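**Q** Dock chain one against chain two, each of which comes alone in its own frame, and use the hints as you go.
Here is how the chains run, residue by residue.
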Amino acid sequence: MSKKQLMTGNEAIARGVFEAGVRFAAAYPGTPSTEILENISSYREISAQWSPNEKVALEAAYGASVGGVRSFASMKHVGLNVAADPFFTVAYTGGNAGLVVVTADEPGQHSSQNEQDNRNYARHAKVPMFEPSDSSECKAMTKFAFEMSETYETPVLIRVTTRVCHSKSLVELEERAERPIVPYVKNAQKYVCVPANARVCRAEVEKRLDALKIYSDNCPWNYIEDNGAKVGVIASGMAINYAKEVFGGEANYLKIGFSFPLPMGLMKKFLQGLEKVYVVEENDPILEEAVRMLGAGDILYGKYAPDGTRFFPAFGELTSDVLRKAVTGKEIPARDFDRTKIVARPPALCAGCPHRGFFFELGKRKDLIVSGDIGCYTLGYAAPYNAMDCNCCMGASVSGANGIQKALDMVEGNTKRVVGVLGDSTFFHSGMTSLLDIVYNKGNAITVILDNRITGMTGHQQNPGTGFTAQGEETKIVNIEGIVRALGIEHVRVIDPNDLKLVRETLDWAVSLKEPSVIITRYPCVLKKMSLYDKNEWPDAYKEKCEVETEKCIGCKACLKSGCPAISVKDKKAFIDKTMCVGCTVCKQICPKAAIKGGQV
Amino acid sequence: MTKNILLVGVGGQGTILASKILTLGLQKANYDVKMSEIHGMSQRGGSVTSHIRYSKEKVFSPVIELGQADVLVAFEKMEALRYLDYLKEGGKVFVNDFEIPGIPITSGQTEYPKGILEELKRCADTTVIEADKEAEKIGNSKVMNMILLGTIIGSMHLTEIDWDTILSENVKPQFLELNKLAIRRGIELAR
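Chains as they are written, first to last, in this note's numbering: chain L, 1 to 601; chain X, 1 to 191.
Bound conformation, chain X alone (with noise of 0.2 Å):
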């Protein structure tokens, strides 16, 4: 059976790592993996997606189809509700509590909408998780990613695999033991 991750986002958090370290960790836990991402315009502030679909068996598409994501893990959330058609019917939503405002809300056209987590909340299995205050506490807030990255492996049950190898081929040395813990910060969360 295919397992479908989402992981979206805004351009500058993240996601792009996170995406390649759980790839890798699926890769040496034999899984057939592939991953598709849209990243063309991210870096001006548009949106992200990685899509990662896994398989003991082959996997064909590197495209999660609407509808079918076992996990959506948002970065920021408005993020959320954007790719809520994909999740599937009993899937699960991690959504960190933090807003990036694209250009038509900074330049005053709009506000950024209220009660998303509540909306979440009322239409899927929403956990909501404070990614950055999490991030703050365990030293460096540019570890979110880490975070969440833990939320997706501690919710789709693969502790087994050696993330610290993955994160040490991966990462900086002097940021090694920092990522470390967010990851396992991220799956303490997910339970």
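Okay, chain L solo, but in the shape it has when bound (with noise of 0.2 Å):
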């Protein structure tokens, strides 16, 4: 079979994947690796899953591997955080059968918190790396990257970023190799990581090390492409791409697929006889100081020129008009027109949302403190709701909340209140370790858990509550308030976040109480695929719609104040988008006027 397909690079790690013959794979959702997962559930022959949180997804891949199977985890970079724990230890011991973590880079940061460069971590856990530039290096090199696991005894890193995720290219498919399943024997002193084993493999892995800088040299992942210039350049990822735009056939080319350890001879080798070498490497400058190091520094540009300046961003993405600006010095002419006429167009909470009517509340709530999460529920940061003071990462909404509140209640007389707000799947990932620790240390800090019954921000991916599991098989459903109760919490409240009042008199209730308490609002994305528990607890969700009674508005605009995209005021009264408006009825419940009618409470 020879087939060229359309890929993007995600589909084509999930490809290689299945090519491969791993039989384990296991994700948290994050953009931009999401889809690597949701493809790989597609193929029966794997098993595949979504774990709570990226560091039990790598644990139980790391099982599986030990188990005797090809196994796999992605995540995006600031996934790799929480999963560092047992990477750095799997570094030392291997697994069995194969084992290949992706980590999903974000230069520019489209859809994260931080720009962390993640091929740190390669070298921070002393394990191999790759860094494919397009959908076919995405497969070929998810493929042989199995392969290097299990001759070296090691974890395998893919490092990919948001243009390799969510670019297409063409890729030839090949038929997936049915791997055996490798028979587990009881090797304590490789798996039992006690100080004394982990001393004898520490002295492996850099025997490890020492075997992959030679491979380095000599593989066909990096290689030079020589077009007799005297300018060269250096680049890994996606940038070689972005280079070769600019430089065409004028540069010679080092390309570093296999980008740990570096190819310090090849580099050595293709510095010989240049006048000028370009390193074009997206966030730090890894690439650049290896150069550095050769002994290079006075014909070298990257983040920095020879004289120390300045020279390729430090940060942001490397696209070739980027680069282009910084080689020839000339500011691409900006075209001349009327740039008033750009209106920002922020994200914002759909129509319908069910986090709304909950921030529409607390945002107005000015003796509190919220400690926001990441995701969707994030835009109560935003206008018109500013309803959230901090936020950093999964699960520090809680904990957050909980030393905040310490802090504050070390001044006599402290009455502001602390409120934590995450969602659902937020909570699975790492929320639950936060709210016992509140619990634990006699905080009284209010949680507040948005349950949308699914992970809503990377696409709607199943979650430990929902019932179903990443390949659409029923599960167990994890019950929250259960969880909570379990964890010492005793005052718990159950809401439909869409009534107003019934949310203001739940937050009244748990400012009042002296010890944590936890609101769980809960109601279905307005995106939400509704499963059958779905439309059994909610037969009438989002079947109404609701409609403004022009005479009786007086176009006072308080129902903007919901930021609902499907509202807006036309010829000074409120007019509602009825392709749009789902019938949560949260501007009706804010018009002063009762001029909105329909829909259901």
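Hints are computed from structural coordinates only; laboratory data are not their basis. Small disclaimer: the values here were computed from a predicted structure and weren't measured. Treat the hints loosely; a few may be bogus.
Covered stretches of chain L, going by a simulated chain X footprint (3 or more residues, C-beta under 8 Å) [claimed, not checked]:
| # | stretch |
| --- | --- |
| 1 | 155–168 |
| 2 | 290–296 |
| 3 | 310–324 |
| 4 | 338–351 |
| 5 | 479–487 |
Positions of the beta carbon are idealized from the N, C-alpha and C atoms, including for glycine.
**A** Here you go:
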């Protein structure tokens, strides 16, 4: 079979996992990595799962590798922080069958809270790393990474970036090669990481790195393209494509696809005879520092020029236009047009989003500090709600709220209360341990779990609360209220967030308590494909529409404070776009003149 | 010579399907094709862009440079202005005469800007397409995206490609004829 297909990098990685005979894959959703596991889950030969978080995903994949099957885990860059603990030690033991981990980084931070360069993890954990530059390489490198993992008894890291994940290019499909299950044989010296064993492994890791250094200099993934030029370009990942657009045939290239350990010998050879070398890499100057170490600092243009001034931007994407500007020193002439005619289009909570009613009420409370989290509900920070004081990483809403409340309470007479707000999936991810901290350490922060019955922001992945697995099988529905009570919270209320009066009363109730409390808002995401369970629980959800009774509307614009994209003002009266409205009635409840009809509370 | 097509719009307008059909057609015509999308926040009403680059030779970057798009197709008119810096000198703009106000506008902080089409026409070779109305004429406003795809096919002289077959492999049978008609109408409008 020889068939070329246009694929995103994520689809190609999934295809590589399939063709490599992998039998187990786990992940937690996170842009830009989500579609990798989504695609893997469509292959019935692979047991694919959404894990509650990245650490669990990697540990499960590691376990499956020890158990004897080729295994795989994928995550976004910040997800590897969560999974860093097992990652570093698995690097010592290696698995039994091949184990490959994907980190999807975000130069430019299209959908992320930071721009960390996870290539640093390869060096830090001493794990070999590939950096594919297009979809074809995504598949080829993923497949080969399993071979390498088994040959060198090490997990292998594949680092991709948003543009690799979400760009399409041609990939040649091949058949899946089934792999026999490697029998598990007890080997406590290898797998039990007590210091005595880990010290032995530690020495082995260095031997492995020595062998991989030789491999790096001689492998097909790292190669020189000699165009007889005096200018050279060293690049890895997507950056090589950007560089080729700029330099074309006017430069020699050292393309680095296997980037840890670096091919130092090959780099040295490449530098010979060059008068100028550009190092093109997104995020941190990792290749650049290696080139400098080889003594080529005088001809090196990377994040810094030889005179120590900044050259290529230190952050953001290094697309061809960005490179061209740095290399030529010429600005791209801006077009002459009236830019005041462009209004920003920030993301907003959808029409009918069940978070809306809650944030509308929360934003009105001046007695509260709100500690937010990662998900759609982060949009509660924006106007018109302005209902968030901080947000950092998954789970930090609850633990952070605990800390803030404790600090505030150190001032005598403090009346400010702190609310931690997070979603169902984020609660499962890392909110549970944070809530345990509040209970155990006698905190009294208020926790709100916005349970919209799905992992929303990343495009609707199943989670332990939904009743379905990644591959669509029915499974146990984990009860959030039960978890909360089991963790030791005595004050728990489950409410409908579209009922504004109930939201107000419940917030009042929580604030009145001296002990910690949990409010669970329970209503399905408006974009969710409703499951049978959802249809049973909410038979009437999203079936109606609201309408303005124009004669009653006084044009006070109070309804606009709902921040709903379906409502606006036309001819000095409120107007509801019927194609968008799903009848959540938040605007109806806000209206002081009862000028909105329809929908159900 | 690599050709660059930039599709811009708002989440939910069907830019992703339109660019998928386009890339499949280009692949069938033996072009090397690369496509890049940024759609992380699109479901929440943000703007969406699809970069498509193709050539008979190898295409490296999937991302169009500023000032290099041969065609800018805007599914929403304000988005045309937002990405106008991508258009090359002499490039063409096809703009859907269609407004989607964002939150700053619906919430009353500001108004939807007036005179966008005039401004586009003043500074670029602009064709205004009433894709909304054209789609209604065909019988379903949802094929707006295929009308706009048709304008790309027409303006980039890609009519020789067998779009009907590609459509039949990618849209539901009951919508096939509608989509075919829409592409044909778009091609006519681009003339």
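**Q** Evaluate each hint against the coordinates.
**A** Here is what the structure says about each hint:
1. Counting residues of the stretch 155–168 of chain L whose beta carbon lies closer than 8 Å to any beta carbon of chain X gives 5, which meets the minimum of three for the stated coverage.
2. Residue count for the stretch 290–296 of chain L with a Cβ under 8 Å from a Cβ of chain X: 0. That is fewer than the three needed, and the coverage hint is violated.
3. Evaluation of the coverage hint for the stretch 310–324 of chain L: fulfilled, as 5 residues show C-beta separations to chain X shorter than 8 Å, against a requirement of three.
4. Only when three residues or more bring their CB closer than 8 Å to a CB of chain X does the claim for the stretch 338–351 of chain L stand; here the count is 13, and the claim holds.
5. Three residues within the 8 Å Cβ limit are the bar, and the stretch 479–487 of chain L against chain X gives 0, so the coverage statement is violated.
Hint check: violations occur at hints 2, 5; the rest are consistent with the structure.
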